[in-house]
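A.B. asks: Sequence:
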Amino acid sequence: MSSERPATPPMPAGDVTPITELTDPRVITILSTEHWSLLSARGLAYSEAFVRGGMFLTFLSMSFVALALLAQAMAFGDQFLTVAAILLAFDFVIGVTTYGRISGANVDDLRAMHGMARIRHAYTQVAPIVTPYFTSATHDDINSVLTGYGPTPTSGIGLYAYGLTTSGGMIGLIVAMVGGCEAAVLALMASVSGDLAVWIGLAGGILTFALIAWLTVGSVPGHQRDMTTLFPADGEK
10 MSSERPATPP
20 MPAGDVTPIT
30 ELTDPRVITI
40 LSTEHWSLLS
50 ARGLAYSEAF
60 VRGGMFLTFL
70 SMSFVALALL
80 AQAMAFGDQF
90 LTVAAILLAF
100 DFVIGVTTYG
110 RISGANVDDL
120 RAMHGMARIR
130 HAYTQVAPIV
140 TPYFTSATHD
150 DINSVLTGYG
160 PTPTSGIGLY
170 AYGLTTSGGM
180 IGLIVAMVGG
190 CEAAVLALMA
200 SVSGDLAVWI
210 GLAGGILTFA
220 LIAWLTVGSV
230 PGHQRDMTTL
240 FPADGEK
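Counted the way our numbering counts, the sequence shown spans residues 10 to 246.
None of these hints come from the bench; they were simulated from the model. Fair warning: this is a prediction, and the values are worked out from it, not measured in the lab. Just to be clear, a hint being listed does not mean it is correct.
FRET-style restraints, in silico, Cβ to Cβ [stated by the list, open to error]:
hint : residue 1 : residue 2 : range
1    : 109       : 144       : 24 to 34 Å
2    : 64        : 39        : 34 to 44 Å
3    : 198       : 68        : 18 to 28 Å
Where is the CB? At the ideal position from N, CA and C, for every residue including glycine.
All chains, please: the whole structure from these sequences, using the hints.
C.D. replies: So this is what it looks like as structure tokens:
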């Protein structure tokens with residue numbers, strides 16, 4: 010007996026009618042399915058960002074607890090400084106990777122917002138009567154999409170202040186603090202005086218934070234340019 014399965018007969022071409030107009034009822038089903046997929050993607054991105062941030066903060070807390078216990082068990086000398094430098098370096102690497110993933114999640118969220126704005130524009134084309142009832146963006150230009158995040162500064166000190174209030178900004182600030190502590194410990198290991206080590210640590214933290222902010226702000230325009238605008242608010246591409 011042959012084990013081959015019988016071939017599936019080809020479907021007649023006339024059984025499936027291609028969609029050629031937005032008024033086709035199947036359009037709403039397709040658009041709403043994609044809309045829910047993007048909503049799920051946003052939820053997953055936020056969930057991963059929060060979990061990664063929580064893991065980093067938990068590990069950092071346990072690291073400082075371990076250092077406190079070690080400080081009581083051993084003298085504050087070269088051996089303790091070596092252990093502290095290794096542990097802080099590990100914390101710093103985890104913090105940088107965590108910040109990078111949170112930044113990536115923010116980009117994923119922006120792309121989902123961009124896609125949903127484009128879908129809502131299709132809704133307004135299918136049923137123009139619903140347009141006044143949308144409170145979210147119905148155009149896919151970047152200025153329209155960003156309105157979904159609420160009123161935010163676009164430049165200057167206000168933009169950096171707003172960035173610090175976000176989860177990514179908080180993680181970036183903590184990573185800068187860890188980098189400053191690492192610089193101070195390395196300075197102490199190099200037999201630098203305590204006062205100078207504090208200033209070196211402060212400078213290291215500021216430099217780390219400035220580098221993180223510069224890289225983040227510099228990458229944002231590139232991500233925004235990658236998003237093609239098909240339905241701008243001004244009606245021009």
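A.B. asks: If you check each hint against the structure, which ones fail?
C.D. replies: none
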